[in-house]
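Going down the list, the sequences are from chains X and U.
Using my numbering, read the first sequence as starting at 1 and increasing by one per residue.
Using my numbering, read the second sequence as starting at 1001 and increasing by one per residue.
It should be emphasised that the hints constitute simulated quantities derived from the structure, not laboratory data.
A couple of the hints might just be wrong.
[Unchecked claim] The list that follows gives simulated cross-link-like pairs (lysine to any residue, SDA-like), each with its CA atoms no further than 25 angstroms apart:
1) Lys-78(X) with Thr-1101(U)
2) Lys-73(X) with Ala-1052(U)
3) Lys-96(X) with Pro-1061(U)
4) Lys-1009(U) with Lys-55(X)
5) Lys-96(X) with Thr-1071(U)
6) Lys-78(X) with Glu-1102(U)
7) Lys-55(X) with Thr-1112(U)
8) Lys-55(X) with Ala-1052(U)
9) Lys-1009(U) with Leu-47(X)
10) Lys-70(X) with Arg-1044(U)
11) Lys-96(X) with Glu-1102(U)
12) Lys-96(X) with Lys-1009(U)
13) Lys-70(X) with Gly-1042(U)
14) Lys-1009(U) with Gly-85(X)
15) Lys-70(X) with Thr-1055(U)
16) Lys-73(X) with Thr-1055(U)
17) Lys-96(X) with Pro-1075(U)
18) Lys-1009(U) with Lys-73(X)
19) Lys-78(X) with Gly-1040(U)
20) Lys-96(X) with Asn-1065(U)
21) Lys-78(X) with Asn-1065(U)
22) Lys-73(X) with Glu-1059(U)
23) Lys-55(X) with Thr-1101(U)
24) Lys-55(X) with Glu-1102(U)
25) Lys-111(X) with Val-1060(U)
26) Lys-96(X) with Ile-1054(U)
27) Lys-73(X) with Arg-1044(U)
28) Lys-96(X) with Thr-3(X)
29) Lys-96(X) with Gly-1042(U)
30) Lys-96(X) with Glu-1072(U)
31) Lys-73(X) with Val-1114(U)
32) Lys-96(X) with Ser-1067(U)
33) Lys-55(X) with Pro-1083(U)
34) Lys-1009(U) with Lys-78(X)
[What the hints assert, rightly or not] Computed footprint of chain X on chain U; a stretch qualifies when at least three of its residues, placed anywhere within it, have a C-beta under 8 angstroms from a C-beta of chain X:
35) 1069–1082
36) 1088–1094
Beta carbons are placed, not taken as given, at the ideal position from N, Cα and C, and that holds for glycine.
Read off the chains here:
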Amino acid sequence: AQTVTQSQPEMSVQEAETVTLSCTYDTSESNYYLFWYKQPPSRQMILVIRQEAYKQQNATENRFSVNFQKAAKSFSLKISDSQLGDTAMYFCAFMKSVDMRFGAGTRLTVKP
Amino acid sequence: NAGVTQTPKFQVLKTGQSMTLQCAQDMNHEYMSWYRQDPGMGLRLIHYSVGAGITDQGEVPNGYNVSRSTTEDFPLRLLSAAPSQTSVYFCASSGEGRMNTEAFFGQGTRLTVV
């Protein structure tokens, strides 16, 4: 079974600064999807960014980008120009077919 | 756009009671799933369905039943609630005929078993 590890339970960053959240995973599959989801206090799960494993190019979405290292099974999230609204839990997820596995999450606090 | 709708948002049960968590989606997604979220453990897959009439077990299926009689609905049943089932439950859907696409989540149900 696939496993996802987020080694940083909590992180903080100053507003306007850059922060990187780490994620590693374990799989024997070659084709799969990776995601970062944001969960604010409202509890809603919000997709931040998605990466397809067969694509070499790292995904970007505005201030959010990933560093996808397939051989190392690493999928980190970089948030640039952090905003107070970025304060949330962030979950890394691995998906193959309909089987989606999540990491334990990183609680990010953006400080003014 | 309703997306994925879960009811109720909050529920308190006594040990041994049964209940059904409702989940409905209006995006014509083939794939639906249920997760539970516990502190420090992320989301864990309980059961999933790849289409009407087809269900399968996930990572933590014990104590839960599901059925999928229509594309839109995927209820989760707790037959005899236990305190260990205190958690936040999420329903998700994905697909439109393709696998490996983004999962859309409902707003969650916070269940407390006393």
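Subject >> Hint numbers not upheld by this structure, sorted from lowest to highest >> reply: Per hint list: 2, 4, 7, 8, 12, 15, 16, 18, 21, 25, 31, 33, 34 and 35 violated.
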